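Sequence lines, in order, name chains A and B.
Just so you know, this note's numbering puts the end of the first sequence at 299, numbered straight through with nothing missing.
Just so you know, this note's numbering puts the end of the second sequence at 299, numbered straight through with nothing missing.
Some hints here could point you the wrong way.
No copy is singled out in the list; a pair is fine if it fits within one copy or between any two copies.
[Claimed, not checked] Straight-line alpha carbon distances no greater than 20 Å define the calculated PhoX-like cross-link-like pairs of lysine-lysine that follow:
(1) Lys271 <-> Lys241
(2) Lys182 <-> Lys156
(3) Lys124 <-> Lys271
(4) Lys156 <-> Lys252
(5) Lys218 <-> Lys241
(6) Lys156 <-> Lys184
Calculated directly from the structure, the hints in this document are not laboratory data.
Since we're looking at a predicted model, the values are computed, not measured.
There are 2 protein chains.
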Amino acid sequence: MNQEANIEKQDSNGSVIFDTIAIIGLGLIGGSIAKAVQKYGLGNTLIGVDLSTKHQEEALNLQLIDRISSLESAIEEADLIVLATPVDVMVQLLPQILDLVTQQVVIDVGSTKTKLIEAIAKHPNRGQFVATHPMAGTEFSGPKAAIDNLFENKCVVLCDKEHSSPKAVKQVETFYTKMKMKISYLNPVAHDVHTAYVSHISHISSFALALTVLEKEKDEKQIFELASGGFDSTVRLAKSSPDMWVPIFKQNREHVLDVLDEHINTLAKFRSLLIKNDFEKFYQLIEEANTIQRILK
Amino acid sequence: MNQEANIEKQDSNGSVIFDTIAIIGLGLIGGSIAKAVQKYGLGNTLIGVDLSTKHQEEALNLQLIDRISSLESAIEEADLIVLATPVDVMVQLLPQILDLVTQQVVIDVGSTKTKLIEAIAKHPNRGQFVATHPMAGTEFSGPKAAIDNLFENKCVVLCDKEHSSPKAVKQVETFYTKMKMKISYLNPVAHDVHTAYVSHISHISSFALALTVLEKEKDEKQIFELASGGFDSTVRLAKSSPDMWVPIFKQNREHVLDVLDEHINTLAKFRSLLIKNDFEKFYQLIEEANTIQRILK
Numbered sequence: 003m004n005q006e007a008n009i010e011k012q013d014s015n016g017s018v019i020f021d022t023i024a025i026i027g028l029g030l031i032g033g034s035i036a037k038a039v040q041k042y043g044l045g046n047t048l049i050g051v052d053l054s055t056k057h058q059e060e061a062l063n064l065q066l067i068d069r070i071s072s073l074e075s076a077i078e079e080a081d082l083i084v085l086a087t088p089v090d091v092m093v094q095l096l097p098q099i100l101d102l103v104t105q106q107v108v109i110d111v112g113s114t115k116t117k118l119i120e121a122i123a124k125h126p127n128r129g130q131f132v133a134t135h136p137m138a139g140t141e142f143s144g145p146k147a148a149i150d151n152l153f154e155n156k157c158v159v160l161c162d163k164e165h166s167s168p169k170a171v172k173q174v175e176t177f178y179t180k181m182k183m184k185i186s187y188l189n190p191v192a193h194d195v196h197t198a199y200v201s202h203i204s205h206i207s208s209f210a211l212a213l214t215v216l217e218k219e220k221d222e223k224q225i226f227e228l229a230s231g232g233f234d235s236t237v238r239l240a241k242s243s244p245d246m247w248v249p250i251f252k253q254n255r256e257h258v259l260d261v262l263d264e265h266i267n268t269l270a271k272f273r274s275l276l277i278k279n280d281f282e283k284f285y286q287l288i289e290e291a292n293t294i295q296r297i298l299k
Numbered sequence: 003m004n005q006e007a008n009i010e011k012q013d014s015n016g017s018v019i020f021d022t023i024a025i026i027g028l029g030l031i032g033g034s035i036a037k038a039v040q041k042y043g044l045g046n047t048l049i050g051v052d053l054s055t056k057h058q059e060e061a062l063n064l065q066l067i068d069r070i071s072s073l074e075s076a077i078e079e080a081d082l083i084v085l086a087t088p089v090d091v092m093v094q095l096l097p098q099i100l101d102l103v104t105q106q107v108v109i110d111v112g113s114t115k116t117k118l119i120e121a122i123a124k125h126p127n128r129g130q131f132v133a134t135h136p137m138a139g140t141e142f143s144g145p146k147a148a149i150d151n152l153f154e155n156k157c158v159v160l161c162d163k164e165h166s167s168p169k170a171v172k173q174v175e176t177f178y179t180k181m182k183m184k185i186s187y188l189n190p191v192a193h194d195v196h197t198a199y200v201s202h203i204s205h206i207s208s209f210a211l212a213l214t215v216l217e218k219e220k221d222e223k224q225i226f227e228l229a230s231g232g233f234d235s236t237v238r239l240a241k242s243s244p245d246m247w248v249p250i251f252k253q254n255r256e257h258v259l260d261v262l263d264e265h266i267n268t269l270a271k272f273r274s275l276l277i278k279n280d281f282e283k284f285y286q287l288i289e290e291a292n293t294i295q296r297i298l299k
């Protein structure tokens with residue numbers, strides 16, 4: 003961990019931004035960041051930290067990281083610390099990590115921001131932390147879920163950056179830019195509202211659809227024989243891990259509740275039109291929904 | 003149109019099942035059937051019928067069909083007539099088509115079955131009709147949406163086959179088997195209940211999600227910048243055409259209403275757990291939803 007040496011290396015090599023990178027939490031996102039670091043040569047050494055020995059072994063076997071370390075050693079050795087645990091663990095760990103850092107830069111990659119930033123708002127080392135959310139993922143979890151190019155051409159949100167040191171922000175921006183991500187800036191509340199709309203509600207919707215059809219399957223064993231691509235894509239996210247998602251819903255409870263109410267109201271609107279046989283208005287609603295094409299690929 | 007000659011050809015060629023095939027409705031499904039017929043050599047001549055001159059031209063340019071014809075000539079010339087229009091048009095057209103057939107086999111490929119089968123239940127040529135539903139599709143429509151291999155390894159449902167002539171059923175089974183489809187059999191009501199669960203509700207859910215987020219976009223212009231793969235997959239079906247889907251919801255109104263009520267209830271359960279801060283039960287529901295993995299790929 004030597005910021006000056008590190009910057010020299012960046013100059014000579016043109017790519018390395020942090021000499022040693024510690025990844026706390028070797029799951030889908032942590033593992034995919036490790037892959038991106040290797041692909042783009044953004045660091046020289048990758049240290050992994052994970053409570054699960056199974057995940058430790060998998061991450062080593064998959065060569066996601068160079069070695070496993072304790073949290074304390076990882077913090078000491080690293081130039082960049084990437085916090086990639088479930089968001090409830092982040093809120094516990096981040097203050098402890100900031101207690102130990104001097105010049106190390108710390109980022110999180112979590113799906114909620116308000117609670118996390120509150121937890122360290124007055125920490126003397128607040129400046130070393132940059133809150134980030136790379137908007138990418140899949141329904142799978144663990145080191146084996148890590149994939150190449152997960153982040154390319156995706157968006158990463160930086161939150162509350164005016165409370166991070168400008169130097170740390172610049173390094174983190176470079177880190178994500180080299181991973182070919184587009185950077186956006188939001189305050190933590192706006193971030194949490196946005197993710198409630200474009201990510202969290204999709205997950206609840208998928209969980210609920212899966213449960214609705216699984217419930218029916220108790221009577222009708224063959225119901226899934228007919229399920230085709232449309233069903234698969236709307237319930238794909240229902241495979242997502244509760245260990246990751248429950249903490250997100252817990253932390254973003256109020257915004258998720260608002261969006262869930264709106265979604266239920268929209269479904270109730272379709273329901274009411276069906277009841278009233280008002281297929282003219284039903285048609286108009288679908289036409290309106292179709293305008294989503296300008297956003298989706 | 004000569005069934006005997008046709009059967010001879012099948013014997014000598016081993017693959018052609020119907021010499022001349024007429025496709026009524028040159029959209030995603032009709033066009034993809036034409037592609038499958040060509041790929042597997044299931045017919046010698048493909049005739050297309052469509053009210054839209056734009057679709058006629060596109061289908062010819064894409065070489066989906068050999069030529070365009072009037073409905074009457076197509077019926078007269080064809081050995082197999084594939085009805086691939088929206089389901090409301092099917093209910094109008096099928097009795098008229100059956101009025102004109104002698105030995106021609108007629109199939110539909112629609113997403114609802116009860117109303118259609120009711121419409122021709124007592125037709126003297128009922129036996130020439132086989133009700134089928136290849137469970138495959140995308141959110142796109144028109145001849146340009148036709149794709150290769152849409153049907154391979156997918157399921158096709160035959161309904162009410164005991165009212166079709168055994169010979170017609172056998173030919174249609176061979177037709178779909180050669181397209182590498184797996185055949186299931188359901189009565190029309192069971193079919194309509196199943197599709198309400200594994201297809202129709204997914205579409206309403208996607209339309210509603212799209213509308214919920216589009217509504218929010220009126221205040222928050224940048225909301226979609228953050229939308230990632232999870233959002234895309236849950237709202238993909240929201241691009242689906244109202245011309246195709248409104249008639250489906252209309253015909254399957256009662257079953258769709260039942261499933262929609264169940265889905266809204268399941269969402270309300272998640273809502274209630276959020277309100278009560280009961281994240282233990284929330285966790286259990288997600289774990290239960292996760293069991294969908296055994297069904298999805």
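Which hints from the list above does the structure break, by number from lowest to highest?
-> 3, 4
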